[in-house]
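With the hints as extra help, turn the sequences into a complete structure.
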Amino acid sequence: MSLHITDNADLSALNAFGVAARAQRLIELAHEADADQVVALAHTASRTLLLGAGSNLLFASDFDGTIVRITTRGRTILESGSVAERVQPPTVLVDAAAGEPWHEFVLWTLSQSLYGLENLALIPGSVGAAPVQNIGAYGVELREHVHSVEAISLDTGERQRIAAADCEFAYRSSRFRRSQAGSRWLILSVRFALSRTPCPRLTYPDLRTAFANRTEPPTPEQIADAVCAIRRRKLPDPAKLGNAGSFFRNPVISAARAQSLQAQYPQLPAYPDPSQPGQIKIAAAWLIERCGWKGVRRGDAGVHANHALVLVNHGSARGSDIAALAAEIRESVAAQFGVSLEPEVVIV
Numbered sequence: 019m020s021l022h023i024t025d026n027a028d029l030s031a032l033n034a035f036g037v038a039a040r041a042q043r044l045i046e047l048a049h050e051a052d053a054d055q056v057v058a059l060a061h062t063a064s065r066t067l068l069l070g071a072g073s074n075l076l077f078a079s080d081f082d083g084t085i086v087r088i089t090t091r092g093r094t095i096l097e098s099g100s101v102a103e104r105v106q107p108p109t110v111l112v113d114a115a116a117g118e119p120w121h122e123f124v125l126w127t128l129s130q131s132l133y134g135l136e137n138l139a140l141i142p143g144s145v146g147a148a149p150v151q152n153i154g155a156y157g158v159e160l161r162e163h164v165h166s167v168e169a170i171s172l173d174t175g176e177r178q179r180i181a182a183a184d185c186e187f188a189y190r191s192s193r194f195r196r197s198q199a200g201s202r203w204l205i206l207s208v209r210f211a212l213s214r215t216p217c218p219r220l221t222y223p224d225l226r227t228a229f230a231n232r233t234e235p236p237t238p239e240q241i242a243d244a245v246c247a248i249r250r251r252k253l254p255d256p257a258k259l260g261n262a263g264s265f266f267r268n269p270v271i272s273a274a275r276a277q278s279l280q281a282q283y284p285q286l287p288a289y290p291d292p293s294q295p296g297q298i299k300i301a302a303a304w305l306i307e308r309c310g311w312k313g314v315r316r317g318d319a320g321v322h323a324n325h326a327l328v329l330v331n332h333g334s335a336r337g338s339d340i341a342a343l344a345a346e347i348r349e350s351v352a353a354q355f356g357v358s359l360e361p362e363v364v365i366v
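Counting the sequence shown from 1 gives a position; my numbering is that position plus 18.
Check the hints yourself; a few may be wrong.
With a Cα cut of at most 20 Å, we get these calculated EDC-like pairs of lysine to aspartate or glutamate [stated by the list, open to error]:
no.: 1; residue 1: K299; residue 2: E360
no.: 2; residue 1: K312; residue 2: E362
no.: 3; residue 1: K299; residue 2: E162
no.: 4; residue 1: K252; residue 2: D224
no.: 5; residue 1: K299; residue 2: E362
no.: 6; residue 1: K312; residue 2: D339
no.: 7; residue 1: K312; residue 2: E234
no.: 8; residue 1: K312; residue 2: E346
no.: 9; residue 1: K252; residue 2: E307
no.: 10; residue 1: K299; residue 2: E239
no.: 11; residue 1: K312; residue 2: D255
no.: 12; residue 1: K299; residue 2: E159
no.: 13; residue 1: K258; residue 2: D318
no.: 14; residue 1: K252; residue 2: E362
no.: 15; residue 1: K252; residue 2: D291
For the record, the hints were derived by calculation from the structure and aren't laboratory data.
Right under this line is the structure:
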C-alpha cells in the first residue's frame with residue numbers, strides 16, 4: 019500500500035481559514051490506483067470526509083473520523099479514440115485528475131489553446147472539488163464545460179463515469195455536494211469539453227468595464243488576466259488572511275418576493291437566475307452590508323472590511339468562532355429582510 023496515513027493529523031495547513039483542527043486519521047490519495055484501498059478503509063471509518071485543497075470548508079471542531087485528501091495529478095487531451103471522435107470540432111475533450119490545482123489547470127488549458135474556463139481563473143481549490151459546488155464566476159459556471167465526471171462510490175466501490183446531465187448541477191451545488199457534502203462520492207477525474215475557438219463571455223459588469231475601450235474582442239488570455247486582477251482587487255489572499263472567499267450563496271427568491279423587497283429597498287441588486295425561470299438572485303453582500311456587518315470583528319473572527327460576503331480569520335480565531343459569526347449574520351439578515359442566507363462554505 020502506497021497510501022500515506024497520519025493519525026491525529028493536524029489540519030491547520032489544510033484549510034483556507036487556517037483554523038486549528040485535528041482529524042482522527044488523514045489519508046493522502048496521490049495515485050488513482052490506490053482508490054480501491056481508500057474505499058476499503060473508508061468502510062471501517064466512523065465518518066469520512068473528502069478533501070481537496072480545503073478552500074471551501076470550515077472546521078468548526080476536530081473531525082472524529084477519516085479525511086481523505088486527494089492530491090492526484092495528470093492532464094490529458096483526448097485527440098483521438100472513440101470518445102474524442104464523438105465530439106465535433108472545435109470542441110476538444112480534456113481529462114484532469116481530481117488533485118490538480120484549479121488555477122494551474124486553467125492556465126494550462128490556455129497554454130494549449132483550449133478555451134472556455136478563462137472566466138474561472140484564480141478560483142482557489144482543486145479540479146475534483148470544482149464540480150461538487152459547480153463553481154462559477156464572472157458570468158460562467160463550470161457545468162457549461164463539463165462533459166463527465168469519473169467517480170467511485172464509497173458505499174459500493176463501483177466506479178462510474180457520470181455524464182454532466184446526470185450530475186444534477188445547480189447554483190453552487192450538484193449531486194456530489196448534496197450527498198453528505200460530497201462524502202459519498204470520491205471524484206477521480208473530470209472530463210471537460212473545451213473549444214479551440216475563443217468565445218469571449220463579457221456579460222459580467224466588471225469585465226465589460228475592463229474592456230470598454232477596446233475595438234476588438236479580448237483574447238481568452240486577456241480575459242483570464244482581467245479576472246485575476248479583479249479577484250485580487252476585491253478578495254483577500256488566503257495565504258495572508260485566512261478566508262474561503264464568498265461565505266454565503268446569493269439567495270434565489272421568487273420574482274414577487276424580489277419585487278416586494280425592491281419596493282422597500284430600490285438599490286437592492288437583483289437579476290434573473292437563468293437556470294431557474296421566474297426566480298431572482300439577490301446580492302448577499304448587499305444584505306449583509308446593509309445590516310451593518312461589513313468590517314465587524316468578533317475577536318479574531320471577522321467580516322472583511324472591503325467585501326461583506328467574505329468572513330476572515332484575523333489570526334487565531336477558532337472555526338467555531340467563525341461559524342458563530344456566520345450564524346449571527348444569518349439571523350440578522352433574516353430578521354431585517356426575511357431572507358435566508360445559505361452557506362457556500364461547507365461547515366464541518
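Now for the hints, and whether the structure bears them out:
Note on K299 and E360: the hinted pairing holds, with a Cα-Cα distance of about 13 Å set against a maximum of 20 Å. At roughly 18 Å between alpha-carbon atoms, K312 and E362 fall within 20 Å of each other, so this suggested pair holds. Simply put, K299 and E162 have alpha-carbon atoms about 19 Å apart, close enough for the 20 Å limit, and the pair holds. The straight-line distance between the Cα atoms of K252 and D224 is roughly 11 Å, inside the 20 Å bound, and the hint therefore holds.
Proposed proximity of K299 and E362 is supported: the alpha carbons are some 15 Å apart, at most 20 Å. For the suggested pair K312 and D339, the alpha carbons sit about 17 Å apart, so the restraint of at most 20 Å is met. Among the hinted pairs, K312 with E234 is inconsistent with the structure: their alpha-carbon atoms are about 39 Å apart, more than 20 Å. Proximity of K312 to E346 is assessed by CA-CA distance (about 13 Å); at most 20 Å being required, the pair is judged to hold.
Between K252 and E307, the direct Cα distance comes to roughly 15 Å. Compliance with the 20 Å bound is thereby established for this hinted pair. At most 20 Å may separate the alpha-carbon atoms for a hinted pair to count; K299 and E239 exceed this at roughly 29 Å. Between K312 and D255 the CA atoms are separated by roughly 18 Å; this keeps the pair inside 20 Å, and the hint holds. Between K299 and E159 the CA atoms are separated by roughly 15 Å; this keeps the pair inside 20 Å, and the hint holds.
Between the alpha carbons of K258 and D318 the distance comes to roughly 14 Å, so the proposed pair stays at or under 20 Å and holds. Distance check on the hinted pair: K252 and E362 sit about 18 Å apart at the alpha-carbon level, within 20 Å; holds. For the proposed pair K252 and D291, the alpha carbon gap of about 23 Å is over 20 Å, so the pair is violated.
Hint violations for this structure: numbers 7, 10 and 15, all remaining hints satisfied.
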